[in-house]
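Enquirer: Single-letter residue listing:
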Amino acid sequence: MAGSLWRSTLSQVVGWVRRSSIQSSVSRRGMQTVTLIPGDGIGPEISAAVIKIFEAAKVPVKWEERNVTAIKGPGGRWMIPPDAKESMDRSKIGLKGPLKTPIAAGHPSMNLLLRKTFDLYANVRPCISIEGYKTPYTDVDLVTIRENTEGEYSGIEHVIVDGVVQSIKLITEKASKRIAEYAFEYARNNQRNSVTAVHKANIMRMSDGLFLRKCREVAENFKDIKFTEMYLDTVCLNMVQDPTQFDVLVMPNLYGDILSDLCAGLIGGLGVTPSGNIGANGVAIFESVHGTAPDIAGLDLANPTALLLSAVMMLRHMGLHPHADKIQTACFDTIRDKKFLTKDLGGNAKCSEFKIAVLMTWTAGSTVIPMLIALLLLGSRTRISVFLISGPFYRETKHVDVSVLSPHS
Amino acid sequence: MASHSAVLSMSRLLSPFRGGLLGNPTKVFGTTLTSHRNKTLLTGDNIPPPAKYGGRHTVTLIPGDGIGPELLNHVREVFRFSCVPVDFEVVHVNSALETDSDMDNAITAIRRNGVALKGNIETKHTLPPSVKSRNNVLRTSLDLYANVMHCQSLPGVQTRHKNIDIIIIRENTEGEYSSLEHESVSGVVECLKIITRNNSLRIADYAFRLAREKGRRRVTAVHKANIMKLGDGLFLQCCREVASGYPEITFDSMIVDNTTMQLVSKPQQFDVMVMPNLYGNVVSNVCAGLVGGPGLVPGANYGQAYAVFETATRNTGKSIADKNIANPTAMLLASCMMLDHLQLYDYASLIRNAVLTTMNETRLHTADLGGQGTTSEVVQSIMRIIQSKGQLISEF
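Chains as they are written, first to last, in UniProt numbering: chain A, 1 to 409; chain B, 1 to 396.
Here chain A stands alone, though its shape is the one from the complex (with noise of 0.2 Å):
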């Protein structure tokens, strides 16, 4: 009974924030189409989240959702649904959840696929220290910029004789500029002051050393950013160190891989850090990038952060700079509240509390009498109207008397 009372609470608070908003009604013909891919796992919970905050905020956004699994097209080669990639191509946008990767199954990781099809070339990770989640490291403020299609990861192996494997990375020079290209662009679009070249080429010389040439070539086209090279082990000693000293980052498939997982567990782990894969025709497919966590599928224990903040990077990459600061504001307001953090960000909140918590953030101090005495009459005995309550004063109290009903906003 509680269960159904709660669900038209909900229906009738958020209708309540929809129409007393101020913000002007956005008109059919602005709605931008986005591929959603919500994935495997915990996918599509945290997507269902993300709509519905989304919702809320009145994004011109047109959900559509499509599934990759891998099927094996004529010829024999394994590729993605045609359904999914013509919505791609049209749309130019996607957001995607987690997608599972087999240990040495039959068909190639759906991640990789993806990367093929669209020629994902730059994987984008900006990681910025969360105020209000705690770790041992604060002020980290780096992007890692990844090339994405060759290098380590080409999946060019052979077993040449038994017990000898050799397995090829591929550095080519075309796909070096590209991605150098797209770091000084990225650089000098965000107001960033520099850019570091990370490699190995003392020992893997000719591979990495065109990797490095081609970052130099390209530097010499953006003399306003400062561009650096430093080696892999180098990076990783100062970069637990101290990261306060790292800007852009820029280099090929497998340290970055490395690299950007390592300055993610600096700010708080797959759970907090958006990801977004820029592609050579346009396409740009954001996602988050922790795994699907099969664990706690279902169960309603996710933490959508990961996915809500690629969505913002998507606003941004799409021009909606106001949508994307209010969401990115809610997120992180609810995150140093600290009332409602999910069990891997040391709380014990439902994805769905998470959520309404990031909802509530956004009730505008004229809505709060009305909601109030709304929810006050449905009763105050249940657990969820009482964080309903608290939920617009909890920046300014610290504990809850509901029969206090002074407004503040």
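Please note: incorrect hints may appear among the correct ones.
Stated by the list, open to error - Once the Cα atoms are required to be at most 27 Å apart in a straight line, the calculated BS3-like pairs of lysine-lysine come out as:
hint	chain 1	residue 1	chain 2	residue 2
1	B	Lys266	A	Lys338
2	B	Lys229	A	Lys134
3	A	Lys226	B	Lys318
4	A	Lys343	B	Lys266
5	A	Lys223	B	Lys124
6	B	Lys162	A	Lys338
7	A	Lys338	A	Lys58
8	A	Lys343	B	Lys132
9	A	Lys100	A	Lys72
10	A	Lys72	B	Lys229
11	A	Lys174	B	Lys266
12	A	Lys326	A	Lys92
13	A	Lys226	B	Lys124
14	B	Lys266	A	Lys100
15	B	Lys229	A	Lys116
16	A	Lys177	B	Lys132
To be clear, the hints were calculated from the coordinates, so they are not data collected in a lab.
Chain B: place on chain A using the hints.
Expert: Quick look at chain B alone, frame taken from chain A:
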């Protein structure tokens, strides 16, 4: 050497009696003379300590570039002061030259002496690709297949993470460091990463034996087998095979990107880690950074017949060379590891305790640890502590 040949000539004289009551004299004498080999530490397993001339060991010393020469000078100073029975045969390697003769001399010297202490030799990557990294050439020529690094939090050093105690064992000869590259078409370069069953089994075996000897409970293999299914898959399979022979040690595996993430958030969960070459490079540098920096951790490269000791993160330190601000701890601890290998345990503990006392109790730190001390001040403090211990030990 002379005694050995004496025994052999004796045995030849006595050979008519071999089948009879006297038994085989070579076998009898041989066992007595070589019995000390069986008592070596596991880390020196299969490596006989080098022959002693007049009770003194000879060790090859390669100063290298950057901070290498000055730190190794300090090591010699401390050894001289403590009357350590080790003589150094210094071999210089000029990293600017394109020829290999310097390196060949160094390798021959190490083959001769069996043990070496070295600084890092700079690799100028502007030289043509035919000039390989000299350090790498040394490791592959001498087949120093295991790089061992022990990262421990020191009480006197302020770090973000405490209670770290990880042993990292890294395959040192193959993997991504095979230096096999070619440019098939202009603008397309291929670099080969080689993983072999033999080397993977060898390094896994070394890791488990070391874990058993040190009483460690868990070995973690670090890999990327979800992407490099054949290469790292083979490595992982070899580790699993070896693990089955050590039931008292837990074996698990972790993907390298997850490993780095776990290392910066919860490094206390790791015990012993074994991995191929490149991941070893990354993980060892991350761990060195976690315990306080490159100036603190010593590293050792062990092979079947040779052992080479150096700092764990192999930094040249060009920017701080000759400024008297480098941290001598790593190089001094590496020299203590070398003394352990030569079975000069007393000297090793003496110097090690002095270094750690300076680090933890006196808290005399160099600039990389946030202190004001110079290299010479730290070394003087170490020598003072050695002197205050009283004994200038003579052997047996």
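Enquirer: Hints first: check each against the structure and report whether it holds.
Expert: Results for each hint:
no. : hint                : result
1   : B:Lys266 x A:Lys338 : holds (21 Å)
2   : B:Lys229 x A:Lys134 : violated (36 Å)
3   : A:Lys226 x B:Lys318 : holds (21 Å)
4   : A:Lys343 x B:Lys266 : holds (16 Å)
5   : A:Lys223 x B:Lys124 : holds (25 Å)
6   : B:Lys162 x A:Lys338 : holds (26 Å)
7   : A:Lys338 x A:Lys58  : holds (26 Å)
8   : A:Lys343 x B:Lys132 : violated (50 Å)
9   : A:Lys100 x A:Lys72  : holds (17 Å)
10  : A:Lys72 x B:Lys229  : holds (20 Å)
11  : A:Lys174 x B:Lys266 : violated (39 Å)
12  : A:Lys326 x A:Lys92  : holds (24 Å)
13  : A:Lys226 x B:Lys124 : holds (22 Å)
14  : B:Lys266 x A:Lys100 : holds (25 Å)
15  : B:Lys229 x A:Lys116 : holds (18 Å)
16  : A:Lys177 x B:Lys132 : holds (25 Å)
Hint compliance for this structure: hints 2, 8, 11 are not met, and every other hint is.
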